[in-house]
Amino acid sequence: MSKPEFDKVKRPETIKLPFMLDFYPLEDEKYTRISQFFENLKEGRLTTTKCKRCAKLSWPPRIVCPECLSDELEWVDIGTEGELYAFTEMRLGAPLGFGQDVPFCIGIVKIGGLLISARIDNARYDELKIGDKLKLKIVELEDGRVFYRFKKPS
Amino acid sequence: MRKVAIVGGGATRCGKRKASWRDLVQEAGKAMFESVDNLSPKDVDSLIVGAAQPERFVFQAHVAPMVAEYLGITPRKVIARTELMCASGQAAIRYAWACVATGLADVAVAFGVEKMFMPDMAEAQTNMTCVLDREWDGVNGLSAPPFFAMTAQRHMHEYGTTKDQMALVSVKNHHYSSLNPFAQFQKEITVEDVLKSVAIAPPLNLFDCSGITDGAAGVILVPAEDAKKYADTPMYVIGSGQASIGNAINNFASLTDWVPLKIAAKEALRSAKITLDNIDIAEVHDCFTISEIIEYEAFGWCEKGEGGKFIEDGQPYIGGKVAVNPRGGLLGCGHPLGATAILQAIDILQQFKGAVPKGRLVNDAEIAVAHNLSGAANVHSIVIYSR
Ligand SMILES: [Zn+2]
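Those sequence lines, one after another, are chains A and B. The opening position of the first sequence corresponds to residue 1 in our numbering, with each subsequent residue numbered one higher. The opening position of the second sequence corresponds to residue 1 in our numbering, with each subsequent residue numbered one higher.
If you're looking for bench data, these hints aren't it; they were derived computationally from the structure. Don't take each hint at face value.
As the list claims (entries may be wrong) - Straight-line C-alpha distance at most 25 Å; calculated PhoX-like pairs for lysine-lysine:
1) B/Lys304 <-> A/Lys110
2) A/Lys129 <-> B/Lys163
3) A/Lys129 <-> B/Lys304
Since we're looking at a predicted model, the values are computed, not measured.
The shape of chain A in the complex, shown without the other chains:
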């Protein structure tokens, strides 16, 4: 018996990286009330919000203080130099969109009294140690959004 003929239907096979697989935050004030963070970052400043009432420093930035529920928060600089608290290197199992970067280092950085996770550039795993001094690095996506990383000073 010959293979029956079926109507062929199409579905789009090539799509650009969908929003659901885009890890970077939407930064524009159309989408978020903390767009100031990204504006500050574009000026080379890593900032977060501090509560004017109870002085709680939050990370990531907020619009309401989780300690006292005040919405009177101010932007404060947390510095551009940090210390490496822990690190590893993504060797296998990278998410989609990260493949071209493998292997890359990920760390937790102590800065301004906070523990912040970040990509660590400019070094392989074997070249890093706990306590290393790191500098803020800012990267820009093709669509103009910015994000922070840290790098080992060369």
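Fit chain B with the ligand to the known structure of chain A by using the hints.
Positioned in the frame of chain A, the structure of chain B with the ligand alone reads:
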């Protein structure tokens, strides 16, 4: 509050299954109902389904009604799904327990399911990157392996824990899973196998990490006074505890001191009116080898920083201080997120019945604890069972 019993449970085999999400549901459901007497799906009045990411793994939401439909259950008291990532199943058990204890439900099923193998595994890895704070941690590539790699690095740095000690956890759990026909990995491994396995995120190698797993499982909960109607040897939920400190990395004072686990364990023991020494079996969340080492410490079976020595001394083996993961753990059995806690509960029930293979049977076990962490170990969920 009424005392609550688990009268039966059933599960799929775990692993890379040639089966769809809904196939897994049906396999486990059939096994669950066949494990009890005098109970049909229509007797179940409440269903809680633990499922971590069906939206991303199989592009399906509203999964509790789907499980009900496939199992012929017609809930008329409570139906809901619980999502607490790796502890989604433990959340389902706790809610089902609470529903029966308060009288809201009389016959409740706590079910768990995850289909994690996808045609493109990069997509599956990607799903795991929205567990931590996606915009501020996940964006850096921070999924579970890198996070626990850094936890391991800190533990090694602060306490001198070694990769050999971490490997011993995997050796132990693979030893027990080699005796578990439901396990994903049924082969013994050596310390050398672990150390020579490919690096995922240093210092963690492949065999320091639990697998990606397909699996489903369900248990049936009823008031203790009704339990003997359905099973000769039910087990009882005697205590529970849960604690959380946010989701983002910045909430930690230390990566190696799991404060919410200490809080949850204390509450679980208090509510069960027992002490740690009463626990014969501990099914704890060994998503990575370092996790189990920190759990020895946070539960209090050994001092802070001594977890590596604890396994080196053989203390978490059957016959040691406490039998830790005689099921084979997540490392040996696999980790089908939503189903994991249910699988732990079922194995404990089998232990109490004396129905597990001899080499991993804990003789005369009376009390067992089941524990899951989720996220960046910032949430811990515990249930204590008695024979
Ligand atoms: Zn405040």
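Results for each hint:
1. B/Lys304 <-> A/Lys110: 23 Å, holds
2. A/Lys129 <-> B/Lys163: Holds, because 17 Å separates the two Cα atoms, which is no more than 25 Å.
3. A/Lys129 <-> B/Lys304: At roughly 24 Å apart (the allowed maximum being 25 Å), B/Lys304 and A/Lys129 satisfy the hint.
Against the hints set out earlier in the document, no violation occurs for any number.
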